[in-house]
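K.L.:
One-letter residues, chain by chain:
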Amino acid sequence: MKNLYLPITVDHIARVEGKGGVEIVVGDEGVKEVRLNIIEGPRFFEAITLGKKLDEALAVYPRICSFCSAAHKLTAVEAAEKAIGFTPREEIQALREVLYIGDMIESHALHLYLLVLPDYLGYSNPLKMVNEYKKEIGIALDLKNLGSWMMDELGARAIHQENVVLGGFGKLPDKATLELMKKRLSEALPKAEYTFELFSKLEQYEEVEGPIIHMAVKPRGDVYGIYGDYIKVSDGFEFPSEDYKKHMVERVVEHSFAKHSFYNGEKPFMVGALSRLVNNAETLYGRARELYESHKDLLRPTNPFANNLAQALELVYFIERGIDLIDEALAKWPIRPRDPVEIKDGFGVSSTEAPRGIVTYTLEVKDGKVAYADIITPTAFNLAMMEVHVRMMAEKHYNDDPERLKYLTEMVVRAYDPCISCSVHVARL
Amino acid sequence: MRRKARIGFYALTSCYGCQLQFAMIDELVQALEKIGIECWFMLDRNSDENAQVDIAFIEGSVSTEEEVELVKKIRENAKIVVAVGSCAVHGGVQSWEKDKNLEELWKTVYGDGKVKFEPKMAEPVENYIKVDYRIYGCPPEKKDFLYALGTFLVGSWPEDIDYPVCVECRLKGNPCILIEKGEPCLGPITRAGCDARCPSYGIACIGCRGAIGYDVAWFDSLAKTFREKGLTKEEILERMKIFNAHNPKLEEMVEKIFQEVKE
Numbered sequence: 001m002k003n004l005y006l007p008i009t010v011d012h013i014a015r016v017e018g019k020g021g022v023e024i025v026v027g028d029e030g031v032k033e034v035r036l037n038i039i040e041g042p043r044f045f046e047a048i049t050l051g052k053k054l055d056e057a058l059a060v061y062p063r064i065c066s067f068c069s070a071a072h073k074l075t076a077v078e079a080a081e082k083a084i085g086f087t088p089r090e091e092i093q094a095l096r097e098v099l100y101i102g103d104m105i106e107s108h109a110l111h112l113y114l115l116v117l118p119d120y121l122g123y124s125n126p127l128k129m130v131n132e133y134k135k136e137i138g139i140a141l142d143l144k145n146l147g148s149w150m151m152d153e154l155g156a157r158a159i160h161q162e163n164v165v166l167g168g169f170g171k172l173p174d175k176a177t178l179e180l181m182k183k184r185l186s187e188a189l190p191k192a193e194y195t196f197e198l199f200s201k202l203e204q205y206e207e208v209e210g211p212i213i214h215m216a217v218k219p220r221g222d223v224y225g226i227y228g229d230y231i232k233v234s235d236g237f238e239f240p241s242e243d244y245k246k247h248m249v250e251r252v253v254e255h256s257f258a259k260h261s262f263y264n265g266e267k268p269f270m271v272g273a274l275s276r277l278v279n280n281a282e283t284l285y286g287r288a289r290e291l292y293e294s295h296k297d298l299l300r301p302t303n304p305f306a307n308n309l310a311q312a313l314e315l316v317y318f319i320e321r322g323i324d325l326i327d328e329a330l331a332k333w334p335i336r337p338r339d340p341v342e343i344k345d346g347f348g349v350s351s352t353e354a355p356r357g358i359v360t361y362t363l364e365v366k367d368g369k370v371a372y373a374d375i376i377t378p379t380a381f382n383l384a385m386m387e388v389h390v391r392m393m394a395e396k397h398y399n400d401d402p403e404r405l406k407y408l409t410e411m412v413v414r415a416y417d418p419c420i421s422c423s424v425h426v427a428r429l
Numbered sequence: 001m002r003r004k005a006r007i008g009f010y011a012l013t014s015c016y017g018c019q020l021q022f023a024m025i026d027e028l029v030q031a032l033e034k035i036g037i038e039c040w041f042m043l044d045r046n047s048d049e050n051a052q053v054d055i056a057f058i059e060g061s062v063s064t065e066e067e068v069e070l071v072k073k074i075r076e077n078a079k080i081v082v083a084v085g086s087c088a089v090h091g092g093v094q095s096w097e098k099d100k101n102l103e104e105l106w107k108t109v110y111g112d113g114k115v116k117f118e119p120k121m122a123e124p125v126e127n128y129i130k131v132d133y134r135i136y137g138c139p140p141e142k143k144d145f146l147y148a149l150g151t152f153l154v155g156s157w158p159e160d161i162d163y164p165v166c167v168e169c170r171l172k173g174n175p176c177i178l179i180e181k182g183e184p185c186l187g188p189i190t191r192a193g194c195d196a197r198c199p200s201y202g203i204a205c206i207g208c209r210g211a212i213g214y215d216v217a218w219f220d221s222l223a224k225t226f227r228e229k230g231l232t233k234e235e236i237l238e239r240m241k242i243f244n245a246h247n248p249k250l251e252e253m254v255e256k257i258f259q260e261v262k263e
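Protein chains in written order, with my numbering: chain Y, 1 to 429; chain R, 1 to 263.
Chain Y with its partners taken away, still in its complex shape (with noise of 0.2 Å):
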C-alpha cells in the first residue's frame, strides 16, 4: 500500500520582503519537489512605463522595491543616461555612490538583525528582543537610521529617492552636512564591527554545503564597490554587462509571478553579498580587508548562510568607503548639484550591485519617451539557486517534525535576503 503524505507548506514566509511561500512535495522515495511560490500579483514595471516622459518612468521605477528602492533609482538613472550619452562629473558619481551606501548600510542592518538575528536567538519577532538584547537593537537601530539619514539628506527620503534626477541631484547637502555624515559614519565602524563578530558565531548549515556559481558585477577601478561595467562569473567567465540576456538566461516557471534565471541557460546561480565577495574580495581594502583575510574559512563560496556574514562584513567595508567617497567629493567643493541635460535618442545598460545583488536596468529612450524597458532584479537572478538549497535542506530534514523543516527551509530562504516584491515586475518586451 502506498502511504499517504500531504505537502509541507509554508503559505506566506515571515521577515522576507515580499510575498512568497515554500512547498515541499514527500513521496515514498523522499522529497519530490521543492517549489518557491512567489504570490505577489505582478506589477509590470516595465510595460507601464512604454511611452512614457523619461524622468516620471524614472520616478516610478524605485517604487519596485522599498527595501532597495535607491539602488533601482541609481541603475536606472545610470541606464538613462548612459541613454542619452551624459557622464555625471566625478563628484557627482562619488555622492551617489555615498547615497547607494546609505542604502547598503540601511538594507544589511535591517536584514541581518530583523529578520534573521530573531531566528538564531528564538524570537518570532525582532521587537521583542528589546529587553534582552538591548545592545544589539541598539546597534541595529543605530546603523539603520544612519542608512536612512544619508539617504534622506543625498536623495531627499529614505525611500523612494526623488532627489536624483538626469543630470545629477536637485539639491546638494551643505559642506557641514557632509562632515558630519563622514564623522557618523565613522562613529558606527566599531558597531559593524561587533556585528561582524557576532555573525562570526552563527551557525552555517552544512546541509547546504555545495558548490555554487556566483555572479556579480566586476567594480569600476578595481575598487570593491557597487558600479561597474562587467560581470564576473565564479568561474572564471567575465561579459560585459550588456550581454547578460545571452549568459543569464529567464524561463517562466508555473509556481512564480517571477520568472527564474539560468547560467547559460543550464544553472541555478547566486548574487548578492557573498557573490561580491567571492569574485571581488582582492579589491577590498581597510579593516574590512583584514577581517576577510581572517575569516576566510566561514566566508566561503559553498554555503549561502556564509552571505550573512558577508554582509556583514560589507557593513565595516561600505563604512569605510563611504568616509573616502565623501572626501572625494569634498576635495572638489563647491560642487554644483546638477548639469543640464539633453534628452537625445539612444539605448543604455546599467549593472549595478544592490544589497542583495546584481540589478539591471536596460532603457531605450526616442523623443524624450520610454521605448523600450528591461529590468532584471537580484531575487529573480536567485530563486532558481535558492529552490535548489531549500530542496538540499528538506532532503535532510523531511522525516523531523514539520515544524523544524518550515524552520530551517525558512532560513535558507532568508540568507539570501530576498526581495520578492522585486522580482515579481519583470518583464521582458
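No wet-lab data here; the hints were simulated from the structure.
Glycine included, C-beta positions come from ideal geometry on N, C-alpha and C.
Keep in mind that the hints are not guaranteed to be accurate.
[Said to hold, decoys possible] Per label pair, the in silico range of CB-to-CB distance:
| no. | chain 1 | residue 1 | chain 2 | residue 2 | range |
| --- | --- | --- | --- | --- | --- |
| 1 | R | Glu228 | Y | Lys175 | 33 to 41 Å |
| 2 | Y | Pro340 | R | Asn101 | 35 to 43 Å |
| 3 | R | Lys98 | Y | Glu206 | 47 to 55 Å |
| 4 | Y | Asn399 | R | Asp195 | 53 to 61 Å |
| 5 | Y | Glu206 | R | Lys120 | 42 to 50 Å |
[Unchecked claim] Here are a few chain Y residues that sit away from chain R, every Cβ distance over 10 Å (derived from the structure):
| no. | residue |
| --- | --- |
| 6 | Leu121 |
| 7 | Asp235 |
| 8 | Trp333 |
Given chain Y's structure and the hints, the job is docking chain R onto it.
P.N.:
Relative to chain Y, chain R alone:
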C-alpha cells in the same frame, strides 16, 4: 487595566515601503506597551492572518484573486480598516496603465508562460471593502503613522488634510518650481502632509499623496498657473495618472483646471 490594542499589518501587492516606513519608526518600540501585533508577516513569524484585530493596516493594491479574498477576510476581522499608502488608497503606480488590457500586458511580460495564480489589474482596496481611514503617500511620512495610530489609541479619530502641497511649500520659503522654472510641479493639486518634501529639494512634485478635491481653497488660482506656463492638459493628466489612475474625478478635475482659465 485596559487591554492592548490589537494591530494587524497586511500586505497586498506593493513594494513593502509603507511597512518598512512603519518599522523604521523608533517610537514603535515604546508603542509596544500599548499595542499587540497579531499579524505582521514582514517582522513576525507568529503572524495569524485570521486573527481578530482592532486596527488593520493594509498596504498594497488588490492584484490577485487571492488578495480579493484576503481583504474581505481582513474587513470581517477588523474594527477599523486603514488603507495605507498610494497602492492601497489609489491603486499605486502599477495602475498607471490601468486601461490597458490585462491579457495583452500578460503576454508581453510572460509570453505563453502559465502561472497557477490568478492575476488581475491593480485596484485600490476600497473597490472591494469599506475603508475607514486613509494614510496617503508613497511612502507615507512617519508622522502620518504616528498621528493616526496615536489618535486611535487615545480613542479619537484622526483628521484628513484638505489643503495642497503648495501651502506647506510656501511656509518653507521654497522658490516656486512651477512659476520660476515652469516645471510640471503637481503641488497645487496634491494633498499636503509631506512638508513639501520634494519641492524643498528643487524637485517637481509627482503627486504621490494623491489629488485633493477641487473645491478647496486656492484651487482655481493655483491651477491657472499650469496653463500660463504652457503646460498641456495631456501632460498634466498623464502625470497625475501616476498616482491617481483610479480617481473617478480625475478627468473632470483636469478638465476644470484648463477650463477655468479660459479667457
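K.L.:
Give me the numbers of the hints this structure contradicts, sorted from smallest to largest.
P.N.:
Of the numbered hints given earlier, the structure breaks none, since each of them holds.
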